[in-house]
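K.L.:
Construct all of the structure, not just a fragment, from the sequences and the given hints.
2 protein chains.
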Amino acid sequence: MQRFLTDYGIATSLTLGAVGLAGAIHLIRMVNSSDAGNDRMTEIAGAVQAGAKAYLHRQLVTVSIIATILFFAIGFLRDWPTAAGFVLGAVCSLAAGYIGMMIAVRANVRTAQAASVSPHSALRVAFNGGAVTGLLVVALGLLSVGFFFRAVEEYSGDTRVAINSLVGLALGSSLISVFARLGGGIYTKAADVGADLVGKIEQNLQEDDPRNPATIADNVGDNVGDCAGMAADVFETYAVSLIGAVLVGFLTAGADAREVLIYPFVICGVSIIGALLGIGFVNFTRLSPTRALVGGVVISGVVSAALLKPVTSSMFPQAIDFSGKLVGASELFNCVLIGIAMTFAAVVITNYFTSTAHRPVRRIAEACNTGHATNIIAGISTGHHATVLPVLCIAGSIWMCYSEAGLYGIAIAVVSMLSLSGIIISLDAFGPITDNAGGIAVMSGLDPSVRKITDELDAVGNTMKAVTKGYAIASAGLAAMVLFGSYVEELKAHLHQNFVFDLMDPRVMIGLFIGGLLPYSFTAYAMDAVGSAAGAVVREVRRQIEAFPGILTGQETPDYRQCVDIVTKAALRQMIMPALLPLIFVVGVALIPEHGLYLLGGVLVGTIVTGLFIGIAMTSSGGAWDNAKKFVEDGNHGGKGSPAHAASVTGDTVGDPYKDTAGPAVNPMIKVVNILAILLIPILFR
Amino acid sequence: MQRFLTDYGIATSLTLGAVGLAGAIHLIRMVNSSDAGNDRMTEIAGAVQAGAKAYLHRQLVTVSIIATILFFAIGFLRDWPTAAGFVLGAVCSLAAGYIGMMIAVRANVRTAQAASVSPHSALRVAFNGGAVTGLLVVALGLLSVGFFFRAVEEYSGDTRVAINSLVGLALGSSLISVFARLGGGIYTKAADVGADLVGKIEQNLQEDDPRNPATIADNVGDNVGDCAGMAADVFETYAVSLIGAVLVGFLTAGADAREVLIYPFVICGVSIIGALLGIGFVNFTRLSPTRALVGGVVISGVVSAALLKPVTSSMFPQAIDFSGKLVGASELFNCVLIGIAMTFAAVVITNYFTSTAHRPVRRIAEACNTGHATNIIAGISTGHHATVLPVLCIAGSIWMCYSEAGLYGIAIAVVSMLSLSGIIISLDAFGPITDNAGGIAVMSGLDPSVRKITDELDAVGNTMKAVTKGYAIASAGLAAMVLFGSYVEELKAHLHQNFVFDLMDPRVMIGLFIGGLLPYSFTAYAMDAVGSAAGAVVREVRRQIEAFPGILTGQETPDYRQCVDIVTKAALRQMIMPALLPLIFVVGVALIPEHGLYLLGGVLVGTIVTGLFIGIAMTSSGGAWDNAKKFVEDGNHGGKGSPAHAASVTGDTVGDPYKDTAGPAVNPMIKVVNILAILLIPILFR
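Chains as they are written, first to last, in my numbering: chain X, 1017 to 1702; chain B, 1017 to 1702.
In case anyone wonders, no lab produced these hints; they're calculated from the structure. Be aware that one or more of the hints could be misleading.
If chains are identical, the list can't say which one is meant, so a pair holds when it fits in one copy or spans any two.
What the hints assert, rightly or not - Keeping only pairs whose Cα atoms sit at most 35 Å apart, straight-line, the calculated DSBU-like set for lysine-lysine is:
id	residue 1	residue 2
1	Lys1216	Lys1656
2	Lys1646	Lys1656
3	Lys1585	Lys1069
4	Lys1646	Lys1216
5	Lys1341	Lys1508
6	Lys1069	Lys1508
7	Lys1216	Lys1468
8	Lys1656	Lys1508
9	Lys1646	Lys1468
10	Lys1646	Lys1341
11	Lys1325	Lys1646
12	Lys1508	Lys1216
P.N.:
This is the structure in structure tokens:
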């Protein structure tokens, strides 16, 4: 068995990846075979699809230019296998986003139609639409990393070369996902905020009212931001974690311990079985939506853990020497368990801080009674409070994994955490699909009972979305640790000397400060981008309503395309600066002669430290504000139309760029910084 | 000359400190001799005075209990000289706050009276009231540290014992200033927010309308928060910087290099001459308020630098050996210049981000056009942007000072930066005095022209207040570096072994995360405290207005005392938890056997890193929102009463706890964490 797994571990994992892919294709068929509703619905869904496609195509052009420059830079300065990896990572990240979004826009309209049959069939269609993205991301991640690794290894005959080129793949996927997260996040929130500011507040239109010229742009935004952006982001997290584990294994255990390189692939492969069973459970259970979804996650986690126990034991009959530390099967399996436990901890903690059922959100809703300002203060303080437990859990995980199996142990925990993303993303993608389904129901004039069903599912989806963001940023914190470790080990291996990043070294300290400012500057630009793009939407909507008074009476159709066009251009223009910020800083610092290396070490860690806090605080505040508004709208503190409701809308609007643009984009940003540093080492020190 | 300064350096400095004290007394006489206005004014000022005194007395009781426990803990666990230092630091910090506040409440009413004569005499009275605090803080800081150091040295015959006991003094002053900043900050903002929410928004009363039951509490708050809290805070910053420099000098150059210990005292002494000349300039110039104040700072800085050049050369004719690095007079003087330059940089940068004259504030004001939410987003992003330049300046200063003179060089830069606080605090304290003068003018029914003059001065004071906060937090960032260095050097000296805090050590990394969460949790509690205390004020004001309808018609006098009482109790109750948070975490981490030391190293740095960013971001956002409101009120974007104005009020209210409670309290909090760690070393390792 040990022989088999060592010799064929990657092949077996890739086979399981292919099974995941087959599952995704099966689900796509299922979704497509559902009833797509009446003509009006198809027409609206078509407009949303066209807008989303148009955005992604333009994004592709912008990103391709930057990617091409970087491809040649990496190729000439470093080596071509790494450059090839960069392109593969970029393409897969884009593809994950593209396919995920194309399924989502198909699932939207079908969910709306299914909701006119029964809540349960709506849940199934929406969930399966999300599950396609979930399965695609893990299958694509596993297959691309695995095949590329083996291909380069075979072609060059050198494992070292293959592992180096994986760093290129990691950078490609991270960089693209920064663009996708930022571009999509700016798009979705600019359209959302812009549509709300004029539509809801000035003209008293309902959400998704077809008379609002920005309403199609708003619905397009849900797809390019919450579906495409998110899928690219999680693909990146998944691929980078897998690559990080392989890299750390190689650097700390040496090339001879082949099972150390294969184990991360095996974890990913086995977890696909867990994900498939979890998805099956949600499809066949008759439980309430929340219970069905949580049940799916639990089954996925338990099955993966149960399968990995014997697999780990048979792969590691003897202890492995990691730079002097002996690590056996039980230590490694403990790290797997820690990773899975960390997933549940992240889910439970984020749920506590962002669900309407618990004190934090209710306290924010209560603060709405005394106005806009007290609501904002309560939301921000909730975000700050929400950092404490996740960070303590991360610290605890680092401690335990390190004691069990050193840096490789942390990497294994991250991989097992991320291996659950097949089912976790299904939950995340479920939210925007139901949200959009509701939009289509309103715009195409379906019975209000349909909207009621989609609204209920949307509330569930809202919490799930917040929860998966907590999971993503927590995993990013751990993954970044692994990447920093890889940076140091790579430096040692490359320069054949020991490196110490002592806090007493002023260069390390300065690096920490510079690294710490990156997430601050990055999120500032991201928020500004939403503000200025939303302003452009506001002006356009006001212009249309003034120029064509028939729009408000329903006699004239607004020019939706114009709004879509404005947001598309604004999002693409505004994403460039923040996305290039980490690139510029890291390269700038690395080029400082003699001291660059030490400064860079500090920069990497500084970015992790402040980035983790900003990421958690922003996504938690945003999720909590969103649900506090929902809680008020459910009839508390005066309900809809009360002053408390007005205050809660302000909180929700502030929360939009927090939780859907700036906050989640910090996650890939941290990783770009770290991977870029690893990639630069052989360029700077030939 | 070298002999003289080495032998009598401290004595000379103390004499200069006494001159500063004499200057303060002279200014007190000048303020007291000004006309205190009519009976109504005296009555109102008396009510504010009584409320402020009552609060400080109760604060004294609460703080004394905690301080007594700590005194015995330090005495029994460590040694009694240190415990004595702790008490002295605590007493001086309280005294600085108390005296500063007592002068301010006297200057308030006299400024209102002077404003009925001419703007220029109002400026003089207000500035001199602030200058009393400025001079007192530096004189008290220099005298207490100097006398205590010499006294313990003489008494014990051992310089080492004297230096150790200074750590106690530092902790005493830091801990008290956390309480003062938090308690005062919660008080002032709870009363302010509470008074505004019911008075301005619900009842349409003007600011400081005597019919508002919370108006006296609001005015008391300005004094206990902005005067007493601020004075205690800057006393702490000053004393800790001085002590940090002496400690670092002793630890890195050894006990024989006496001039190294004396030099920080000399810098402080010489700068008192500069501060006196600067204060004189403001009194005699006929320039506009802003120019007069800025002129005072420039004169103070230039005079101090000019005097310190020859003094430094004559004190260090030969280079000194700092753990192997040779440092001479020119290197040290360069560090002095860097510190002074850093002061000006902090002032200019913060001014750019918070003054109505520049883009950031105008952009926020513009965002008010599209509502509450866009204003909040713009303000938060401005805060994030505002961290970049100060942090880069701090990083640059660390780099340059370290190259010039190692850790001691950084310490010298901090001391020379802080030595300017005599004049800088004068600017800071000027703001609340004019603010209160305006309140007294309205409440006692003076001619509206008086309010106009005080309002103009208040706008100047507002920017000055924001600017001095940027200065305080920037200096805290540098000072905390010095303290962390002292922690490590102290560890080395105590355990006779080398210590490396390697970022690759998971304990250091975990420490960074835990340290990083302290400022987040601390600010969350501080903001919550303001929210809940303000809620109590709102309920009381609503109750009074309902129970006694005559209040609004002016026929009944509201029960001011009740509001004062409620805020007093709430502020004192709510300050305990956040103030004890750093204490609990540091002691908890330090007690972890075997690993505690390494974890603690990470904790100290983690707190510095996130604390610096949170501190700068919060004070900048708050200042910018405040001035954006002022900019709208000046007639832009629709002026007072417009929807943009309503949005700007929301921003200002969110900014209140940001800039006056949570943000500035981070500064002493970072230092408590670091000093406590130093103090614990000999307790944990006997």
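K.L.:
Classify it for me, Lys1585 with Lys1069: is the Cα-Cα distance of at most 35 Å met within a copy, between copies, both or neither?
P.N.:
within (14 Å within a copy, 60 Å between copies)
K.L.:
Cα distance capped at 35 Å. Does Lys1216 pair with Lys1468 within a copy, between copies, both, or neither?
P.N.:
Within one copy only: 19 Å inside, 40 Å across.
K.L.:
Under a CA distance limit of 35 Å, which applies to Lys1646 and Lys1656: within one copy, between copies, both, or neither?
P.N.:
both (9 Å within a copy, 32 Å between copies)
K.L.:
Have a look at Lys1656 and Lys1508 and pick one of within, between, both or neither, based on CA distance no larger than 35 Å.
P.N.:
neither (61 Å within a copy, 63 Å between copies)
K.L.:
Quick one: Lys1646 to Lys1341, C-alpha cut-off 35 Å, is that within a copy, between copies, both, or neither?
P.N.:
neither (52 Å within a copy, 63 Å between copies)
K.L.:
With identical chains, the pair Lys1341 and Lys1508 could be close in the same copy or across copies; at 35 Å between alpha carbons, which is it: within, between, both, or neither?
P.N.:
Answer is both: 18 Å inside a copy and 28 Å across each meet the 35 Å cutoff.
K.L.:
When no copy is named, should Lys1325 and Lys1646 be tagged within, between, both, or neither for a Cα gap of at most 35 Å?
P.N.:
The answer is neither: 43 Å in one copy and 65 Å across copies each exceed 35 Å.
K.L.:
Is the C-alpha distance from Lys1646 to Lys1216 at most 35 Å within one copy, between copies, in both cases, or in neither?
P.N.:
both (15 Å within a copy, 29 Å between copies)
K.L.:
Given a CA cutoff of 35 Å, do Lys1216 and Lys1656 count as a within-copy pair, a between-copy pair, both, or neither?
P.N.:
both (12 Å within a copy, 25 Å between copies)
K.L.:
Pop the pair Lys1508 and Lys1216 into one bin, within, between, both or neither, using alpha-carbon distances up to 35 Å.
P.N.:
Neither way: Lys1508 and Lys1216 sit 58 Å apart in one copy and 64 Å across, limit 35 Å.
K.L.:
As a check of your reading, is Lys1646 near Lys1468 (CA-CA no more than 35 Å) within one copy, between copies, both or neither?
P.N.:
within (13 Å within a copy, 45 Å between copies)
K.L.:
Using 35 Å as the alpha-carbon threshold, which applies to Lys1069 and Lys1508: within, between, both, or neither?
P.N.:
Neither: 46 Å inside a chain and 63 Å across chains, both beyond 35 Å.
Hints 6, 8, 10, 11, 12 from the earlier list are contradicted by this structure; the remaining hints agree with it.
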